[in-house]
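> Keeping the supplied structure of chain A fixed, place chain B upon it in accordance with the hints.
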Amino acid sequence: MMSCYLPQRAEILEVIDETPNIKTFVLKPERKFEFKPGQFVELTVAGVGEAPFAIASSPFQEQLEITIMRTFDPSLGRYGQVTSAIHQMKEGQVVGIRGPYGNSYPVEASIGKDVLIVGGGIGLSTLRSFLLTLLQDRKKYGRIVLFYGARTPADLAFRREYESWKQRGAEVHITVDVGTAGWTGNVGVVTTLFDRVKLDFKREIAVVCGPPIMIRFTVEKLLQVGYRPENIYVSLERKMRCGIGKCAHCNIGHYYVCKDGPIFSYQQVKDIPEWW
Amino acid sequence: MEQKRIFLPKEKTLEALKKLSKQLLFFAPVRKWGKPILEPLDVQKVNQVVFDERLSSVRHLFLPTVETLFKYSSDLSRFELQIFDKSAAVLGLRACDLRGLQALDRIFLDEPVDEHYKMRREKVILISLDCVEPWETCFCTMLGYKPYPVNGFDINLSPIEGGMIVELGSPKGLPVFEIFSEFATEATPEMLERREEVRKRAERKLDYPRLRGLERVEKLGEDKWKEFSIPCVECGACLNVCPTCYCFSLTEKKAEAEFVRMRFWEPCILERYQKVAAGVNPRPELHSRLANRMLHKFAYYFRRYGTYACTGCGRCIEACLGKIDIRELLLAVGERAS
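First to last, the sequence lines map onto chains A and B.
Per my numbering, the very first residue in the first sequence carries number 1; after that it's consecutive.
Per my numbering, the very first residue in the second sequence carries number 1; after that it's consecutive.
A few of these clues could be false.
[Unchecked claim] Only pairs whose alpha carbons sit at most 35 Å apart, straight line, appear in this in silico DSBU-like list of lysine-lysine: (1) A:K28 / B:K254; (2) A:K90 / A:K113; (3) B:K172 / B:K71; (4) B:K86 / A:K28; (5) B:K200 / A:K259; (6) A:K90 / B:K275; (7) A:K259 / B:K32.
[Unchecked claim] Chain B stretches covered by chain A per the calculated footprint, using a threshold of three residues with CB under 8 Å from any CB of chain A: (8) 75 to 88; (9) 108 to 115; (10) 179 to 193; (11) 235 to 249; (12) 259 to 271; (13) 299 to 311.
Hints in this document: simulated from the structure, not taken from any laboratory.
Keep in mind the model is a prediction, meaning the values are calculated, not measured.
Don't be surprised by glycine CBs; every beta carbon is placed ideally from N, CA and C.
Excised from the complex, chain A in its bound form (with noise of 0.2 Å):
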């Protein structure tokens, strides 16, 4: 007899810190665990509980890849349970996970066109899977260009990795709301890097995600540069509880995020309008 709701273990192989509050978890499962960028676990903290992550990594890594930031609620004034006590967790130790669940990043629609990436905070876990995947198969695709914005320069996450990503072909952009003492770089919301980087993009995707005013002025910004509808991909964030369409949390309209989404183009979303 088997249940729907089982986790299966994986150790925790590795723990790195990528900001103040953001860490990544390097996972091995216990069985075979394929998935496809853009999909997501649903992670147990043992006697904690269970909440739903992306995944960080690229399918074509041997290792899996959870990248996790600790939340602080302050309706409850307190910080998200399962996010904090992970944070606690050392390699060695055990979580459970249960998935893949939903849906994919474009790859395939992506194949011989100009993809722009678009992230905000630790909303860049998810596209990551995504560039990633792009990468391995370089010469499949056109430009490859990411805009990525964090508040401050210390919560820039994935900051060792942005020279290799450059390395293997991705133009990569970068900036913070508000800079620090020693800050070089930009400084400006996300949306800013449309005025400093020239994009002349004729068969282009772009894909989303982040916090939900970063995922609405980056929409409202590609289709004023005149991206369309169908050519624009959000990765949205609700309650998925089961993560299997079952649970009814996380619905936006007549789509559930677990299982039509997470990642929807922005013509499937754009007359609900609860879509954010």
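Below, chain B alone, put in the same frame as chain A:
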């Protein structure tokens, strides 16, 4: 199945139920705290079964209010599944309850199959009842349904003068049908005729226009929903009694040296329902949550399955502290079919 319908005389009913309760786990409505409540009954208690009242919920037998899905060791190496595996029967479902289960089946029996729900559905024999005297809040005919079971039952009981017509609806109901057969006589054409009369009379009492196009509830503007939600006090009673509501959440409990993963009903109209990381709430206002509940039932579910996730039972009307009457909304939105 040569003989699908038999007649169980009133004076034999108790004996039949006694035998039934000896052979399997038997749930039936009894009066408790002034209400008909579903309880497991042993042979001493079957005389308390009430046939003429309506249960406020049968759904919790298949999707319990709180249920343990599995227990697991702290190192996640051992899992112990909790799955219902007893042979059981439940008496007292109405046609609306059967439709409610059909609505849940589309969710829980779809891939990936929810084994916890599936096992209950497979193990529990459904014994339904005709509604002889529909209740004040019933409106099943508005949605084109009948106040008596047409399908989805294993056994159906139709009260007529002097007893009940027992009808077998599926091979699964056969063990129960055989028990009833021991106490029953042949159902004569006259008896079946009488059943038709009782059914017609019940239907006539539910004098509503038949509505179509209820998915147009999606077109209602925010103002309408604000107005609709004014009397709502966010108690969640409508969701607790609804035969088609199934929103749930998962949680954790510590027990001795192990942990327990539980599932519980989580009403979609509560503020916390859609909250995501860092307390961001995509539906912070009550009217948007109430709108989502109605849209789920009449637009989203309809789009996916071609039918509404509403059985017309009217229990939500009965339960609402703010006296919200879903019939008013539906009459305003729907188009009259005949």
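> Of the numbered hints stated previously, which ones are contradicted by the structure, given in increasing order?
Violated hints: 2, 4, 5, 7, 10; rest satisfied.
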